Amino acid sequence: MSEFVWPVRVYYEDTDAGGVVFYANYLKFFERARTEMLRARGVSQQELLENKGLVFVVRRVHVEYRQSARLDDLLEISARPRLAGRARLVFEQEARRASDRNVLCRGEAEIVCVTADGFRPQPLPPCILEILPS
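Quick note: to get this note's numbering, add 1 to the position in the sequence shown (first position is 1).
Each hint should be verified, as a subset may be incorrect.
To be verified - Per label pair, the in silico range of CB-to-CB distance:
hint: 1; residue 1: Pro126; residue 2: Phe23; range: 17 to 25 angstroms
hint: 2; residue 1: Glu109; residue 2: Val44; range: 19 to 27 angstroms
hint: 3; residue 1: Asp17; residue 2: His63; range: 35 to 43 angstroms
hint: 4; residue 1: Gln47; residue 2: Ala18; range: 22 to 30 angstroms
hint: 5; residue 1: Glu109; residue 2: Ser3; range: 15 to 23 angstroms
hint: 6; residue 1: Arg81; residue 2: Ala25; range: 16 to 24 angstroms
hint: 7; residue 1: Pro126; residue 2: Leu75; range: 20 to 28 angstroms
hint: 8; residue 1: Gln46; residue 2: Arg87; range: 30 to 38 angstroms
hint: 9; residue 1: Gln68; residue 2: Glu109; range: 15 to 23 angstroms
hint: 10; residue 1: Tyr66; residue 2: Arg87; range: 18 to 26 angstroms
hint: 11; residue 1: Ser69; residue 2: Gly119; range: 37 to 45 angstroms
hint: 12; residue 1: Leu130; residue 2: Leu50; range: 13 to 21 angstroms
hint: 13; residue 1: Pro134; residue 2: Arg40; range: 12 to 20 angstroms
To be verified - Calculated lysine to aspartate or glutamate pairs in the DMTMM-like style (CA-CA distance at most 20 angstroms, straight line):
hint: 14; residue 1: Lys29; residue 2: Glu77
hint: 15; residue 1: Lys29; residue 2: Glu65
hint: 16; residue 1: Lys29; residue 2: Glu14
hint: 17; residue 1: Lys53; residue 2: Glu14
hint: 18; residue 1: Lys53; residue 2: Glu65
hint: 19; residue 1: Lys29; residue 2: Glu111
hint: 20; residue 1: Lys53; residue 2: Glu131
Just so you know, the hints here were simulated from the structure itself, not pulled from any lab data.
Every value quoted in this text rests on a predicted model; they were computed, and no experiment measured them.
Backbone N, C-alpha and C define an ideal beta-carbon position, used for all residues, glycine too.
Work out the full structure, taking the sequences as your base and the hints as a guide.
Pasting the structure below:
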């Protein structure tokens, strides 16, 4: 599977008092890109919840901040998933400024498939396995 890229515009609400994107907002941008990647490949997280009682939770995140994004920047947020176990995916992600393609932030998120009622790990459903790179 090729890299999935989701465009994000930086709004005033995304910035801190210094006029740059607040560090925690990159995690929000990464989350949106992961969700939109699944949606673009026909996977509805709402349907997984309603029909199978499954949700995804973040187990671990590692983030490296390299440069600052600023108000009105157009960013490209990438998501590249890889299988990490029966119930786990690892997403490699980047935030790049669209105008110069500079990497502003790089991260890795480990996502676990769990039951919605008790948060017990469950094997990834076939609809997820089908969209992963071989």
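Comparing the hints with the structure gives:
A beta carbon spacing of about 34 angstroms between Pro126 and Phe23 contradicts the range 17 to 25 angstroms that was offered as a hint. Distance hint check for Glu109 and Val44: the Cβ-Cβ separation is about 21 angstroms, which falls inside the suggested range of 19 to 27 angstroms. Our hint of 35 to 43 angstroms for Asp17 and His63 is violated, since their Cβ atoms are close to 22 angstroms apart. Here the CB-CB span from Gln47 to Ala18 is close to 36 angstroms, at odds with the stated 22 to 30 angstroms.
At roughly 18 angstroms, the beta-carbon separation of Glu109 and Ser3 lies within the given 15 to 23 angstroms, and the hint holds. For Arg81 and Ala25, the Cβ-Cβ distance of about 22 angstroms falls inside the hinted range of 16 to 24 angstroms, so the restraint holds. Restraint check, Pro126 to Leu75: a C-beta distance of roughly 34 angstroms breaks the suggested window 20 to 28 angstroms. At roughly 19 angstroms, the beta carbons of Gln46 and Arg87 sit outside the given window of 30 to 38 angstroms.
For the pair Gln68 and Glu109, the beta carbons lie near 18 angstroms from each other, so the given range of 15 to 23 angstroms is met. Between Tyr66 and Arg87 the C-beta distance comes to about 32 angstroms, which lies outside the given range of 18 to 26 angstroms. Take Ser69 and Gly119: their Cβ atoms lie about 41 angstroms apart, and the range 37 to 45 angstroms holds. A hinted range of 13 to 21 angstroms holds for the C-beta pair Leu130 and Leu50, which are about 18 angstroms apart.
Taken as a hint, the range 12 to 20 angstroms holds for the pair Pro134 and Arg40, whose Cβ atoms sit roughly 18 angstroms apart. With a C-alpha separation of about 13 angstroms, the suggested pair Lys29 and Glu77 falls inside the 20 angstroms cut-off, and the hint holds. Between Lys29 and Glu65, the direct Cα distance comes to roughly 15 angstroms. Compliance with the 20 angstroms bound is thereby established for this hinted pair. Restraint check for Lys29 and Glu14: the C-alpha separation of about 12 angstroms stays at or below 20 angstroms, so the hint holds.
The hinted pair formed by Lys53 and Glu14 fails the criterion: a straight-line CA distance of about 36 angstroms is larger than 20 angstroms. A hinted pair counts as satisfied when its Cα atoms are at most 20 angstroms apart, and Lys53 with Glu65 does not qualify at roughly 35 angstroms. Our distance criterion of 20 angstroms between C-alpha atoms is met by Lys29 and Glu111, whose separation comes to about 15 angstroms. Using a Cα cut-off of 20 angstroms, the hinted pair Lys53 and Glu131 holds, with the two alpha carbons roughly 17 angstroms apart.
Hints 1, 3, 4, 7, 8, 10, 17 and 18 from the earlier list are contradicted by this structure; the remaining hints agree with it.
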